[in-house]
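Novice: As a plain string of letters, each chain reads:
Number of protein chains: 2
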Amino acid sequence: MNPDLAETERFFHRKIPLTRAMGIRVEACDGHGLVLTAPLEANHNHLGTAFGGSLAALATLAGYGLLWLELGDRDAHIVVRRSELDYRHPVTGTLRAICHRPPEAELGLFRKTFAKAGKARIRLEVSVEEAGRVCTAFSGTFVAIR
Amino acid sequence: MNPDLAETERFFHRKIPLTRAMGIRVEACDGHGLVLTAPLEANHNHLGTAFGGSLAALATLAGYGLLWLELGDRDAHIVVRRSELDYRHPVTGTLRAICHRPPEAELGLFRKTFAKAGKARIRLEVSVEEAGRVCTAFSGTFVAIR
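Residue numbers (this note's numbering), protein chains in the order written: chain A, 133 to 278; chain B, 133 to 278.
Careful: at least some of the hints might be erroneous.
Unchecked claim - Some chain B residues close to chain A (C-beta under 7 Å, calculated; not the full set):
hint	residue
1	T169
2	A188
3	V212
What the hints assert, rightly or not - Covered stretches of chain A, going by a simulated chain B footprint (3 or more residues, C-beta under 8 Å):
hint	stretch
4	162-176
5	211-221
6	231-245
Everything labelled a hint here was simulated from the structure, so no lab data went into it. Every residue gets a Cβ at the ideal spot worked out from N, C-alpha and C, and that includes glycine.
Chain A with its partners taken away, still in its complex shape:
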């Protein structure tokens, strides 16, 4: 595993206990975005499919994670300000959330504003996918504060 990803996973597990209880893994991060997974065993509901609360938590964490990796600044306070979730289809196996990397112009502006003003906001899209289709669509506004 990429050492940055292993470090991010350890950071999550050490600092945010729910991520340990959920069994969250940081699977990949590349030009397309950040991928987090969590096993169904720890995250099912009474119907045996993924619990809506677990899907919301995983998607929110994927947004945080992408910004942590992008900013490379562990002292930045990153918080979620607003989010919208659209639950389209049940997830019947491993929960797999992809935070899509925003266009470089948006990320560049976010980094520049953060460096200059010590505060910046950005909108991120996360999808939880299974068998090639989007089961949960998340859209969130995140704020980074130094």
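Place chain B on chain A using the hints.
Specialist: Below, chain B without anything else, positioned relative to chain A:
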């Protein structure tokens, strides 16, 4: 504790493992709504305040819980279809979510439609409050299917 509340708490803990990991308690249910709590110890983030994912999960569960208690039908499949969360202030102690009981006319229509058509939807408002102010506002659409 009201036996219905104790039974609902056991149902959550048995059927949705994340609710056990989060330490969720069903605190009260009356004409105003349903109150769920969760300790900060199991639900904090890297800043020591409540993790956004835990807040989303607790608020979502409060919506489920209110409908379970209202329908009194454990075979009903209740799912969240859409949700919006507005994170206004950090939560620094126990997470406390209140699902506000909708007006009787709305609940009556929901129950009647469910009984007749085997499917009904309703919008629910949940607030996570601390020291008398709303820290997180959740609004969600839930669907019950027989």
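Novice: Between the stretch 231-245 of chain A and chain B, see if three or more residues pass the 8 Å beta-carbon test, and mark the coverage as holds or violated.
Specialist: violated (count 0)
Novice: Next item in the hint list is T169(B). Is there a CB on chain A closer than 7 Å to its CB?
Specialist: Since chain A brings no Cβ nearer than about 15 Å to T169(B), farther than 7 Å, the hint is violated.
Novice: Report holds or violated for chain B covering the stretch 211-221 of chain A, Cβ cut-off 8 Å, minimum 3 residues.
Specialist: Per the Cβ count (9), the hint holds.
Novice: With a Cβ-Cβ cutoff of 8 Å, does the stretch 162-176 of chain A contain at least three residues near chain B?
Specialist: holds (count 4)
Novice: Using 7 Å as the Cβ threshold, decide whether A188(B) counts as touching chain A.
Specialist: holds (4 Å)
Novice: Per the CB criterion, is V212(B) less than 7 Å away from chain A?
Specialist: holds (4 Å)
When the structure is compared with the earlier hints, violations turn up for hints 1, 6 and for no others.
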